[in-house]
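Enquirer: Taken in sequence, the protein lines are chains A and B.
When the letters of the first sequence are read in order and numbered with my numbering, they come out as residues 247 to 662.
When the letters of the second sequence are read in order and numbered with my numbering, they come out as residues 247 to 662.
Derived by calculation from the structure, the hints in this document are not laboratory data.
Check before you lean on any hint, since a few could be wrong.
Repeated chains share a single entry, so a pair holds when one copy, or any two copies, can fit it.
What the hints assert, rightly or not - Here are the simulated lysine-lysine pairs, DSSO-like style, with alpha carbons at most 27 angstroms apart:
hint	residue 1	residue 2
1	K350	K559
2	K639	K459
3	K355	K569
4	K363	K611
5	K623	K559
6	K565	K623
7	K611	K559
8	K355	K576
9	K355	K565
10	K350	K630
11	K459	K408
12	K350	K639
13	K422	K611
14	K611	K472
15	K363	K437
16	K437	K639
17	K662	K486
18	K482	K355
19	K555	K486
20	K355	K437
Number of protein chains: 2
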Amino acid sequence: MVAELISVGTELLMGNIVNTNARYLAQQCAMLGLSMYHQTVVGDNEERMAEAVRTALGRSDVVILSGGLGPTEDDLTREVCAGVMDMPLEEDAHCRERIEAYFKNADIKKITDNNWKQAMVPRGARVLDNHNGTAPGLIMEKNGKTAVLLPGPPEELIPMFKEQVFPYLQQIQPEKIVSRMVKICGVGESKVESELLDLIDAQTNPTIATYAKVGEVHLRITARVKDDDEAVRLIKPVVKEIRRRFGNAVYAVREEETLEAVVVHLLAKYGLTLTTAESCTGGLLAGRIVDVPGASEVFREGFITYSNKAKRKYLDVNKATLKKYGAVSKETAREMATGGVFATDADTCVAVTGIAGPDGGTEEKPVGLVYISCYMKDHVVVEKHQFSGTRDKIRQQAVVKGLDLLRRCILDNYGK
Amino acid sequence: MVAELISVGTELLMGNIVNTNARYLAQQCAMLGLSMYHQTVVGDNEERMAEAVRTALGRSDVVILSGGLGPTEDDLTREVCAGVMDMPLEEDAHCRERIEAYFKNADIKKITDNNWKQAMVPRGARVLDNHNGTAPGLIMEKNGKTAVLLPGPPEELIPMFKEQVFPYLQQIQPEKIVSRMVKICGVGESKVESELLDLIDAQTNPTIATYAKVGEVHLRITARVKDDDEAVRLIKPVVKEIRRRFGNAVYAVREEETLEAVVVHLLAKYGLTLTTAESCTGGLLAGRIVDVPGASEVFREGFITYSNKAKRKYLDVNKATLKKYGAVSKETAREMATGGVFATDADTCVAVTGIAGPDGGTEEKPVGLVYISCYMKDHVVVEKHQFSGTRDKIRQQAVVKGLDLLRRCILDNYGK
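Next up, chain A with everything else stripped away, as it sits in the complex (with noise of 0.2 angstroms):
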């Protein structure tokens, strides 16, 4: 079966944002098993909108499109495609309701005229939910041909496709892909790639495919297979295989375990609590940890020391090591991590301090410079890091370290 994508938006056509809905749908069809061959970007013209359209259903089995369901004037995508597949709107009591609870939830008083649209619905069309917008998503299939309309948003679209539309084209889709993610942290992507090369050249089915991060490395393990049984049989072994070859450094084996909840777990099942001592992050690595549902349970407090005064006030740091060594130093994140877990009842503390730019950086300590230290069980482990990029992308690099630097100190001194 083949696919294929319209993006809809002005903002895709001015540049003013990047396709990553575009890939993330591409790659889902990938792991359907679904080809493309096809994918298209188009404003909010209506002639044109059409046009492709007709362009895609003619050649495409499925057309999925995102965009262009909002309620303002140039969302358009619902009334073209109703064009174009003859599939008349009519306003849908079940989608006029959730549009009106979705305001009052929001404690919206007024509702504008505009929003009504969004009920609109193609005669016999499916409707699908959206739990986190106003204009729901629509399934519409007429000869053989399939579209499905998405909103824009990926916080919108992402879900939407995950629980309504991924299960759908399952289901319409005979062959049976399955996949499994295996994600290291710790080791490039070129490195993790030269050690697999022979297993990559290899096999046909299942396929290997690396996926670069920021700090991590995802392989994505893909069978083309008629039952589970298979399915297991053919990727079991692959895992198994990169788990000998890279360790620790493999974090997880599922798509939907990030390092955060990886991290989170770890604590929970060997009952310790966590506090985090950050400057140049400021915060974001607290963040990440709260952003796991249930993170309370491990984590109560951390602390956001971006001074030197800070520093030492809430952590403790010694003035002369402040003076003699520098903020960004070893000694300065060794004191950090340690001050972190004396200052709290919690059982271990990540604390990180580094040169995050575009200023600050000096020879002896470059713009990227980052250590990174942990506390457990009376010792301090210190890592240093030269980061490069932009401040955001060395702030979300030490990030990443931080949390895996923890998660290797508890593999270490409480795993097996």
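Take the given structure of chain A and dock chain B to it, following the hints.
Expert: Okay, now just chain B, sitting in the frame of chain A:
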């Protein structure tokens, strides 16, 4: 003049990479005043690529292709364009020399045969030297249409475009496009649009487009002009009118100004220092502040007080308050902001406490309920919000509202 993009590459169709080239090229075309109505992605397939090139040349003046110029067998862009535009390929001595030089410079002795296909140039085409790789770019002109062929890797494409294609396009495109971004916080998209409907409907030059962001709405005002004077004359009154209608909700009138940067600059302007007291956002608000280069001038420390105990210990929140009203309450939010200021030497404190979910909600205090407070000049403002969406989206919205509350408090207390 109308431009369009064709991105060539199976990685894009498989969702292995995000199409950042399309974004870059679209942005550049917009800056050049070229209209763009279509972007297409095709794979390395001769027939489908030829069809895409024919369609694009049929409807647009300039077609910019990226990818598929390399040495391997499935790199077909050069051959396909030569075929469609009937400009037969001939070996180019200059290109051959440059490829030799490139390998010599990279200290590679043996040049594999397939590299020489990169020296083949369509008769009459203009060669674009590649300073960062082996594949040269090409400009092919015929019958008033232009095809620009660029290598796929961004580190080759971007410098080639900047140095050689931009000036070329500037020369063939007489009109100029200037745009200005107005950023609004605290008003929903549909409300913004309905309040601007008369302006949006009435105007053709400049045009106004709205973009919904998490907790924000951005408006792009775009004018086609002959010079900078005309740009100012056309755009300025529109910006002024938007400001008049939305007042302080307009927080920036420049694309590059973020909400956190505006807040940091306001704090610096009035000589104020900030501390933060975060519960459900767990450091994300401070993280956004620290994202601004030079934030250390106004931000020295912040608290992540996830547990009740931490709220009492660091922020001196009353035990009785927590017991009577709960951690997620107006009263606790008020004491958190006050406590933050008294625990530090900061002039102001933003505090956030809420229920991010997915668990922990009750009928009385549902998931998404967030109290945000700001202490300034012996006075605390507390705002109650009911957000919807995922845990992540609720927290992101809380951060935006927290930054915006701080911004408004500064303007109310110190502005004018």
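Enquirer: The structure should be examined with respect to each hint, and the outcome stated for every one.
Expert: Now the hints, each set against the structure:
no.: 1; hint: K350 with K559; verdict: neither (46 angstroms within a copy, 37 angstroms between copies)
no.: 2; hint: K639 with K459; verdict: both (11 angstroms within a copy, 21 angstroms between copies)
no.: 3; hint: K355 with K569; verdict: neither (58 angstroms within a copy, 32 angstroms between copies)
no.: 4; hint: K363 with K611; verdict: neither (58 angstroms within a copy, 31 angstroms between copies)
no.: 5; hint: K623 with K559; verdict: both (23 angstroms within a copy, 24 angstroms between copies)
no.: 6; hint: K565 with K623; verdict: within (25 angstroms within a copy, 32 angstroms between copies)
no.: 7; hint: K611 with K559; verdict: within (25 angstroms within a copy, 36 angstroms between copies)
no.: 8; hint: K355 with K576; verdict: between (55 angstroms within a copy, 22 angstroms between copies)
no.: 9; hint: K355 with K565; verdict: neither (56 angstroms within a copy, 36 angstroms between copies)
no.: 10; hint: K350 with K630; verdict: between (51 angstroms within a copy, 15 angstroms between copies)
no.: 11; hint: K459 with K408; verdict: both (21 angstroms within a copy, 22 angstroms between copies)
no.: 12; hint: K350 with K639; verdict: between (39 angstroms within a copy, 18 angstroms between copies)
no.: 13; hint: K422 with K611; verdict: neither (53 angstroms within a copy, 43 angstroms between copies)
no.: 14; hint: K611 with K472; verdict: neither (57 angstroms within a copy, 47 angstroms between copies)
no.: 15; hint: K363 with K437; verdict: between (52 angstroms within a copy, 15 angstroms between copies)
no.: 16; hint: K437 with K639; verdict: within (21 angstroms within a copy, 35 angstroms between copies)
no.: 17; hint: K662 with K486; verdict: within (18 angstroms within a copy, 66 angstroms between copies)
no.: 18; hint: K482 with K355; verdict: neither (54 angstroms within a copy, 34 angstroms between copies)
no.: 19; hint: K555 with K486; verdict: neither (49 angstroms within a copy, 44 angstroms between copies)
no.: 20; hint: K355 with K437; verdict: between (57 angstroms within a copy, 12 angstroms between copies)
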